[in-house]
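Engineer: Join the two chains, each given in its own frame, into one complex according to the hints.
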Amino acid sequence: MKKAAKPGSRVINIVIAGLGGQGVLKSSDMLAYAAFRSGRDVKKAEVHGMSQRGGSVTSDVRFGDRVLSPMVPPGEADYLVVLENTQVEPARHRLRDDGTLLQAAAIDRESLPTAKALNVAMLGMLSVHLDIPEPNWYEAIEAHLPGNLHEANRKAFEVGRAAAGKEKSDA
Amino acid sequence: MDNSNRLLLNGNEAVAHAALDAQVHLGTGYPGTPSTEILETLSAIGGKAQWAPNEKVAIEVAIGVAFGNGRALATMKHVGLNVAADPLFTATHTGVTGALVIVVADDPGMASSQNEQDSRRYAVAAGAPMLEPSDSQEAYDYFLSALEISHRWSTPVLLRLTTRICHSKSIVERHDVKPVTGDPYFEHDRPARVMVPAHARPAHRRLRKRLLELQAWNESSDLNTILGADSDLGIIAAGVSVAHALEAAPGARLFKLAMSYPFPIERMRAFAASVKRCVVIEEGDPVLVDACRAAGIDVTGKAEMYRFGELNVGRVKRILAGDTSDEFVPPRGKPPQLCPGCPHRTAFDILGRHDCIVAGDIGCYTLGVLPPFSAMDTCVCMGAAVGVGLGLRHVLPPVQAKKVVSVIGDSTFVHGGITGLVEMVYNPPETGHVLLILDNSTTAMTGLQEHPGTGRTLDHRETGRVVFEDLARSLGVPRVSVVDPRKPEEFEKELLDCLESGELCVLIARSPCILAAKLMRKLEKEKAGE
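So the protein lines, in turn, are chains P and W.
Numbering (this note's numbering) for the first sequence: 530 to 700.
Numbering (this note's numbering) for the second sequence: 2 to 531.
Source of the hints: derived by calculation from the structure; they are not laboratory data.
Just to be clear, a hint being listed does not mean it is correct.
Stretch-level coverage of chain P by chain W, calculated; a stretch enters the list once three of its residues show a Cβ under 8 Å from a Cβ in chain W [as the list claims (entries may be wrong)]:
| no. | region |
| --- | --- |
| 1 | 562 to 573 |
| 2 | 593 to 599 |
| 3 | 611 to 625 |
Derived pair list, reagent style DSS-like, types lysine-lysine, alpha-carbon separation capped at 27 Å [stated by the list, open to error]:
| no. | chain 1 | residue 1 | chain 2 | residue 2 |
| --- | --- | --- | --- | --- |
| 4 | W | K523 | P | K555 |
| 5 | W | K335 | P | K555 |
| 6 | P | K645 | W | K519 |
| 7 | W | K335 | P | K645 |
The beta-carbon is built from N, C-alpha and C at its ideal position, and this holds for glycine as well.
Excised from the complex, chain W in its bound form (with noise of 0.2 Å):
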């Protein structure tokens, strides 16, 4: 059998081939499980792509590239959007020229990520239409969709993944693509690009008319399809679901959605009514089932219980079986640990040691919460462990106050921690503070990417770089030190003088990720050798 036309592809790698097939101009995003092989594929595969310091920053560029009448992609994890929410739920009122795809991964069952919000919401909230793939062959050409639905309405279209998507392989074929837009070229239009209120009352209008004619188009679309003979046993499902769902019942009629919003509520309509019981199959919160209850549809959901972690083959037939008895669990696995060379576990074991309260942040040294270190007292989201930290000096007694430590890690820190250590200069705790940054040189947690504090690009070639004691001295940040954590004396005694001095402190404890350590040398010798 001939399969040279044919690759066996990840939901993220589809997804680059669909933009490089496409020719985006320019992919962007920030690293996050389970989106960031999308951008290294792409930009592997030969397309354009960039790390951006955060999801907002990247939305902003790519909604800069969709105004220039280019073709734009933005990847990013499900928090990711909420920190590019800003952007995305104007962006919608605006529209676009060229193209915008947002691909948006959700992570439902948290196996890596801290918490488990469904993405979904957002396409009702923002008004943005969204297609979500069921498979690999479903990522490429519903990126495409996209693509061709973002030109013809003129609005930013949410791709949604899901782990099961963005990290299953399966069969993919390449096809021809044309370009849904021309070269890009910029023509003003105020009125719909500058979101003053006189012209964001119309703006908001024409939002609600187009998700009309988008729903309208959706009703029809061949993009939805009806599976399996006639049966009295109807499912609606809509991404990984859809191939749960067709494996546990096989001899069910299904709907399977491509646009899951504006949700095609006629056609949901008419299928139910086609079968004698109907059953939404969906992962997470009850997004489907609700839209077709509040449309007077007659349709069965799933019991609470199977609102948390993933869906599979068995817990669908649970599903369809009415079945709510105990599942079975099974048994914990190894969990993962700081690496036993890392030299930063030298600061949780100076942290512990010392009873600091501290701060946390994410990334691979949120295992720092871990025994034997449990040094760690909260972790929030990208960034809090400065804002987090502040707010803990403020309140605590001194005695207490004192001892609060902000850990961040460098990626995170440019991500979303420079506006905390703006406000910790700007609404100093009378105790001072310590912010301490753990600077591995890379987002190691992701998977090795570059982000401006590294100064390499995406693919590692050189460009500007954000020092970060740079930065916080030209902040007015008191007391900005470095020190290496694998000489541990001088760390512990710094860490205690900072803490002892009751200035504003940034502290960063810099040392590569041995992880990266071989590519580092490589990317070292080939600049010494030009």
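Pulled out of the complex, with its shape left as it was, chain P reads as follows (with noise of 0.2 Å):
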């Protein structure tokens, strides 16, 4: 498994992808204020409006030195993280040859605090292929969600970090 570029180096794409509810702008917001706390510059893109009724809703993070575009450009995102299995396919397309698929159901939804967070847990499973100080991440965490639940999504988050862990050794 190949690890994100470190600073100094190309921009990094990653497509978040599920349904709406499911709190995909939520957990790309995380993702690109953690970039940023670690001193990248960043840029993320969505579309709102018809994405509350239950829609596939995607979102765009990149992070890196200089970011221009605000959009992943098409085929070439490095990252695609999927919380719903039904939109691996309409947002595959998005993802380079080589890039890397991530989909829910590698996380055990015994072993979440709550059903809600499991948008936090793809981010965990994410954040070990990338190059963003663990630190930036609960500050993310921190920043985005009411205060009672912070301890639920940092135990999803170590969840989803564990998840990858596991699917690293397995490989």
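Structural biologist: As structure tokens, this is what we get:
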């Protein structure tokens, strides 16, 4: 499994996909914030409006030394993070040929403190691939969720990290 | 790295922060994707912001603020500017004393809109200067520039955003800002502000003179910049297209317009002459390329196929390569739908089963057009349900006319439906008519904003409430009833009785949006605790 490049190199492109209500936008906010706090240039793009009516939602996050377009160019996502199984196919074309697909199936739902924290667990999974210091992720969780949810979401993040570690050792 | 004075903001939030820092006296507008969060953020961070019943009223209020030497902000989506076009076109004649910035957010690709119009046309048509930021930092900076330009030239200024500026986050550094005007005061200036023909004729001449001055200023303004070293390829772009173009053609020389109107024609001419090939990269209508060509500047535009939808890095590469082969069509995702627990699903079930002809309107409930309901026949613009329904009633044979129902949401009714209701009373169709208001007590589609029918202000404080049934009765509507859509039998019976009656009927199906229920309970609790 490849590790994302260090600062000073090319832009890392991530697309998060799921359905309205799953927290796609919230998790992309956290990802962008974590990258921002780690000192990178960041851009993030998404489309609102119809999204909260249960339809397909995607959000693009890009970070690196300098990011130009806010949208991940067609077929250039390094990572595609999908929160809902049915959304893999509609979003797969966003991924580079050698890109990494991260799916919610890898997360054991039983081990999540709350089902709603799946989005944060997926960030945990993604985090092992990215060169963003761990404290920045926890900062992002705290900046985007009310205090009573911090603990559960830290836990979910760790569940995601552990799931990614397991996949790594299986590989 | 210390980034404590830097923020990660989307374009809407950046505009709100600029408005706060520039001490804007009042922000007003009507919710509309992708513009909605500007006023919500402004209010949340401590500025004064309020929702108007519609964009026309919003701009009028903002004009009043600016006539009183205040600093005013009005926000809306592109179609909102159609509603507000009337005051806009004359406000460029009157000019303003303080400052007035109108933020208009276009939706190329129509992620959440009924048409794909290009607001840059309004700058030309109304004679208003326009600025176009290409990221959040520029949304912040250009808002401040727009205020300065507005005050210096006594003109309303348009700040044009698009979906990818409004809803893209990037890093913003705020700076110390001095307000562009002093305290509000009123000074009579009737020839400038009372647009009777004798005053308006010189006002039009002043407008054209001002635009010439603005153009001259724009020709040398350091807001517009040339990026990149010498190159055979030159690109002219503004707004988010700049970001796409810089990435698609890293070696090119790029003329980046900040103030896209009045066009800095001579600078574009000199730029085009400095390169071998000059391409205009613009989303939407061929506005810049037409302006260049009309001035005899040798530029290339985009093929017609790229007029539709948003641009991105891939499409800009294709435009530069002159590639007009078929584009990849991504698989369709899952379309949005009415929420499974939405109480207003009942209406479309009933309308569908009785084979009604439904003149619909804009909001979540437009999704009633989709299966399993397929129970909407028209949707044109905010408020059109009423007028279109009446027109159908007037012209259709009675057997069909009697089946026509106008269906509109509560926020949309306030925005554009009330004058339609007046029309219904004034010119009643022979078969009568039924106006069904689906009242979920919020502006749901844009993300649960308050409106005059909820009796709460933008920041959820109690205020005067427009009661639809009282309004309808006061206008002389003979049959006005309120039903609970969670009681489908009663709802169905009342709707059928209305259709049968041949009278003018206003039927209000009232049940709060399930997404707003939590917020509403909290507000009720607070109210009870007072």
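Engineer: Is K523(W) close enough to K555(P), meaning Cα to Cα at most 27 Å?
Structural biologist: The given pair, whose Cα atoms are some 23 Å apart, holds under the 27 Å limit.
Engineer: Quick one, are K335(W) and K645(P) close enough, alpha carbons at most 27 Å?
Structural biologist: holds (20 Å)
Engineer: Is the listed coverage of the region 562 to 573 of chain P by chain W valid when you require three or more residues with a beta carbon under 8 Å from a beta carbon of that chain?
Structural biologist: holds (count 8)
Engineer: Taking only the CA atoms, is the gap from K645(P) to K519(W) under or equal to 27 Å?
Structural biologist: Holds: K645(P) and K519(W) sit about 17 Å apart, inside 27 Å.
Engineer: Check whether three or more residues of the region 593 to 599 of chain P sit with their beta carbon closer than 8 Å to a beta carbon of chain W.
Structural biologist: holds (count 4)
Engineer: Given the proposed pairing of K335(W) with K555(P), does the C-alpha separation stay at or below 27 Å?
Structural biologist: The given pair, whose Cα atoms are some 19 Å apart, holds under the 27 Å limit.
Engineer: Verify this for me: three or more residues of the region 611 to 625 of chain P with a beta carbon less than 8 Å from a beta carbon of chain W.
Structural biologist: Result for this restraint: holds, n = 6.
Checked against the numbered hints listed earlier, the structure breaks none of them; every hint is satisfied.
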